[in-house]
Every structure is written in C-alpha cells, then in structure tokens.
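Peer 1: As they're listed, the protein sequences go chains Z and G.
Residue numbering for the first sequence follows our numbering, starting at 1 and increasing by one per position.
Residue numbering for the second sequence follows our numbering, starting at 224 and increasing by one per position.
Since the hints were made in silico from the structure, they are not lab data.
Quick caveat, the model's predicted, so the values are computed rather than measured.
Quick reminder that beta carbons are idealized off the backbone N, C-alpha and C, glycines included.
Accuracy of the hints is not assured; some may be wrong.
In silico DSS-like cross-links for lysine-lysine, where the CA-CA straight-line distance does not exceed 25 angstroms [to be verified]:
#: 1; chain 1: G; residue 1: LYS276; chain 2: Z; residue 2: LYS221
#: 2; chain 1: Z; residue 1: LYS103; chain 2: G; residue 2: LYS327
#: 3; chain 1: G; residue 1: LYS276; chain 2: Z; residue 2: LYS123
#: 4; chain 1: Z; residue 1: LYS39; chain 2: G; residue 2: LYS327
Sample of chain G residues lacking proximity to chain Z, with all beta carbon distances greater than 10 angstroms (derived) [claimed, not checked]:
#: 5; residue: SER264
#: 6; residue: THR339
#: 7; residue: LYS410
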Amino acid sequence: MAVVKLFGAWLSPYCYRVIWALKVKGIAYEYIEEDLSNKSPLLLQYNPIHKKIPVLLHDDKPICESTVILRYIDEIWPQNPLLPADPHERAVALFWIKFADDKSPLISKLFRTDGEEQQAVAKECFEMLEVLEEHALIGGKKFFGGDEINMVDIAFCSVAHWLGVIEDFAGLKIFEPHKFPRLNSWIQNFKSVPVIKDNLPDTDKMLALLKRRREMLLASKSS
Amino acid sequence: MAEEVVLLDFWPSPFGMRSRIALAEKGIKYEHKEEDLRNKSALLLQMNPVHKKIPVLIHNGKPVCESLIQVQYIDEVWHDKAPLLPSDPYQKATARFWADYVDKKIYEVGGRVWKTKGEKQATAKKELIETLKLLEKELGDKPYFGGESLGYVDVAFIPFYSWFYALEKCGNFSIEAECPKLIAWAKRCMQKESVAKSLPDQQKVYDFILEMKKHFGIE
Numbered sequence: 001m002a003v004v005k006l007f008g009a010w011l012s013p014y015c016y017r018v019i020w021a022l023k024v025k026g027i028a029y030e031y032i033e034e035d036l037s038n039k040s041p042l043l044l045q046y047n048p049i050h051k052k053i054p055v056l057l058h059d060d061k062p063i064c065e066s067t068v069i070l071r072y073i074d075e076i077w078p079q080n081p082l083l084p085a086d087p088h089e090r091a092v093a094l095f096w097i098k099f100a101d102d103k104s105p106l107i108s109k110l111f112r113t114d115g116e117e118q119q120a121v122a123k124e125c126f127e128m129l130e131v132l133e134e135h136a137l138i139g140g141k142k143f144f145g146g147d148e149i150n151m152v153d154i155a156f157c158s159v160a161h162w163l164g165v166i167e168d169f170a171g172l173k174i175f176e177p178h179k180f181p182r183l184n185s186w187i188q189n190f191k192s193v194p195v196i197k198d199n200l201p202d203t204d205k206m207l208a209l210l211k212r213r214r215e216m217l218l219a220s221k222s223s
Numbered sequence: 224m225a226e227e228v229v230l231l232d233f234w235p236s237p238f239g240m241r242s243r244i245a246l247a248e249k250g251i252k253y254e255h256k257e258e259d260l261r262n263k264s265a266l267l268l269q270m271n272p273v274h275k276k277i278p279v280l281i282h283n284g285k286p287v288c289e290s291l292i293q294v295q296y297i298d299e300v301w302h303d304k305a306p307l308l309p310s311d312p313y314q315k316a317t318a319r320f321w322a323d324y325v326d327k328k329i330y331e332v333g334g335r336v337w338k339t340k341g342e343k344q345a346t347a348k349k350e351l352i353e354t355l356k357l358l359e360k361e362l363g364d365k366p367y368f369g370g371e372s373l374g375y376v377d378v379a380f381i382p383f384y385s386w387f388y389a390l391e392k393c394g395n396f397s398i399e400a401e402c403p404k405l406i407a408w409a410k411r412c413m414q415k416e417s418v419a420k421s422l423p424d425q426q427k428v429y430d431f432i433l434e435m436k437k438h439f440g441i442e
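Assemble the whole structure, with the sequences as input and the hints as a guide.
Peer 2: Structure, rendered in structure tokens:
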C-alpha cells in the first residue's frame, strides 16, 4: 500500500489546505511537524528549491507547493472531487485559487509590519475582501464549490480563520460582517463543515505564538 | 457548432505569448485582438473585471483569465492534438511546479534588471542568472522540459526568451555565456512554427523597453 506523508507546520494555512484535502478524500497519512526555525535535512532534501512546507510524500516521491499538492491529490484520489468537471467552470475555480494564492501572503504581512506599512497592507486586504464579496460569491451559493466545499473554499482558508486571529492580535478591524455579508455567510458555513471545524489550529495557541514571534521580530529590528 | 475563440492580447506580453503558442500548437483558428493598455476596451473590462489585464481567452463568449489557466484550458478542451501536460499525475505535478516557479521568479526578477541601476541591478542580474541556472539544471539533457516534445513548462517559459536581448542590453551581460544549454533549448523551441510566430522580434521588445524606461523616468 502506498505511503502518504505530510511535512507541515501547525500554524501554516498552506499546511491545513493539504490536511483538509486528504481528510475529504479519506486518505490515511503520517504527519511530520517541522520546526521552521530549524528545518530538517529531510525537508531540505525533498524541497531544495523553496525549502518550505507543506511537502507531500507519496510513495517516496515529493510534491511541493500547496496548490500543486491539492491538484495532485484530486487527480490520484478522484472520490469527492475538489474541482468541477466542466473545463470552463474548472478554469473559473482555478482563477479564484490563484487569486487566493496571490493575496493570502498579505494576511501574514499584516502581522509582520506596523505603522504606515501595516496601514497600506490593511488597505490591500480590504480591497481583496471587496473583490471576493463583489465577484466571487455571487449567485447565493453556500460555498465557492456550491453545496459542498471544494478546492476554492480550501484555498481561502486564510480569510476564513487566520485573518480574524491576526486582526485580534494586531488590534485591526478590516473584516466587518455588515460590510461583507456574503463573505460572512461563507466564513460561518465553511467553519461549520465538520472536516474543517475539527481540524483548525486553536486560536489561543495561535495568539500566544504570534505574540512570541512579534516580540522576536521587534527585538531583531531594534538590535 | 462553430467554435468562436478570441484572444485579447498585447504584443510584448510574455503571458499573451503563452496562449498564442498553445492555440498554435493545437491548430486553433482564433481572432486576435490587440489591446491598448492605456485605453482598455469595454470588452476587456467586461471579461476580466477583477484584474482588467490581458491576456483573456474568450471561448464561445465565456472568458478564461490568467495565462497558465488558459494554457491548461486549451490543453483540456482540444485534447486530441499536441498534448502539453503529461498524463501521469506525478509528472503533471512536476510540470505545474516548474511553471509556477517560472511565474514566481522570471517576470519579477527580470523586471528589476531593466527597471533598476547600480547595486539593485547587480543583485537582480545575479538572481536572474541563479534562477535560469536552476531551470537549466531541471532541463538537463532533455530536448524540451516536456521531454521529446514541447510541453507545459516550455510554453510557460519560452516567451521570456523574447525579452532576453532587452535584459542583456539593459544589464550589460550575456545570458548565453552563463546558461548556454538554456539558450540552445530556446533556439530549439524557436524552430517550431507555433513558437516563432508567437514571439515578437527581440529588437522590437528592446525598443519597447526603452520607451517604457523613458515613460517611467528610468535612466
């Protein structure tokens, strides 16, 4: 039987994308937690180009980059498909997944910046949410995937969970439910799905780690 | 049913070139519409309201945005000729990884080569060569990234070759001296009609870059 291993980091939304996809498909896997401040020789061997998590190992073959991994998982295990079958609908789904990939780094940038720079990033985040509200969730769908979550829902996990935690931490208010009613419904629906709800990093733990990391960041800036 | 295929494009765009090559590889007849990016058409704004960018592929009235998504769409819909992506899922994943790498690196680093001077430009040149050498290593002894025939990564990457002359002139360096195998690959691709007729003349691209530099006040 083929062995599936996942190298990840518990705080990373990109790691959770892969966990959810594997669980939706009912695939057993071994999870290996990486210390990102001290990356293992195995990780560096399996992802020499980017040296990042997540890395999926299937039959000892490494696959890197979360979106590439998600598409691989969807192709190898076709049950509970994560992309539409129709080529045009699939192209639209891939468009939104790319949008999520391009814009998600803004959310962690919120945490790493302050002052004027942070304000500029916050503005970009707000604009991203506006685009989603106006263009992506039209038609009164429960999820981007329709009645069930698909790869697009999974790709926007940073918006669903990580944004709120970072806002709380940084004392920012970018996402306001009354300003983004469709997005707000989607977030509630997404986080109610059992496979998502049961597999989300604990908010208090996240805040504690963010606080420690922020202190380290500031200390290194002033030294 | 008659297929109606339109490509909204801008001649020096490496992203537009990707779709041109894919359409040519498949022998698809299409209407090519050149956009003036300082005065975007109503059609472009309607078909790509989120980014308002080219290229946009319009197939029977339905838009597909983002060049690599277009290439994948073209490969899926017209799957009976010149397949661009391998059928094996692991090889497909490898191809997607490298196309993603090209997307993340070449345009941004290449942009810094012609947009900056002095130390910033020196850093950009160094990064560009490192990136190209990695790609050269991935190519290895294969005639194409796709193996024996032009594939997804070749289509993703070869358009940037039309910008090499401009980058070399702006940065005063030779890419061929550093990456001879890569240039050999590029010339091999250029022998294919689908590539040769999709890429603009390198001198024309250089003239365009010089105009852009003047426009943005870059020496």
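Peer 1: Are all beta-carbon distances from THR339(G) to chain Z longer than 10 angstroms?
Peer 2: Answer for THR339(G): holds, closest chain Z Cβ roughly 21 angstroms.
Peer 1: Please work out if LYS39(Z) and LYS327(G) have their alpha carbons no farther apart than 25 angstroms.
Peer 2: Since the Cα atoms of LYS39(Z) and LYS327(G) sit roughly 23 angstroms apart, the hinted pair holds (cutoff 25 angstroms).
Peer 1: Report holds if the minimum CB distance from SER264(G) to chain Z is greater than 10 angstroms, and violated otherwise.
Peer 2: holds, 19 angstroms
Peer 1: Looking at LYS410(G) again, its CB stays over 10 angstroms from all of chain Z?
Peer 2: Consistent with the label, LYS410(G) stays out of reach of chain Z, its closest Cβ about 26 angstroms off (over 10 angstroms).
Peer 1: When you check the alpha-carbon spacing of LYS276(G) and LYS221(Z), does it fall within 25 angstroms?
Peer 2: Between LYS276(G) and LYS221(Z) the Cα gap is close to 38 angstroms, so the pair fails against 25 angstroms, i.e. violated.
Peer 1: Starting from LYS103(Z), check that the Cα of LYS327(G) is at most 25 angstroms away, please.
Peer 2: holds, 13 angstroms
Peer 1: Hey, LYS276(G) versus LYS123(Z), does the alpha-carbon distance stay inside 25 angstroms?
Peer 2: With a Cα-Cα distance of about 21 angstroms, the restraint between LYS276(G) and LYS123(Z) holds, given a limit of 25 angstroms.
Of the numbered hints given earlier, the model fails hint 1 alone.
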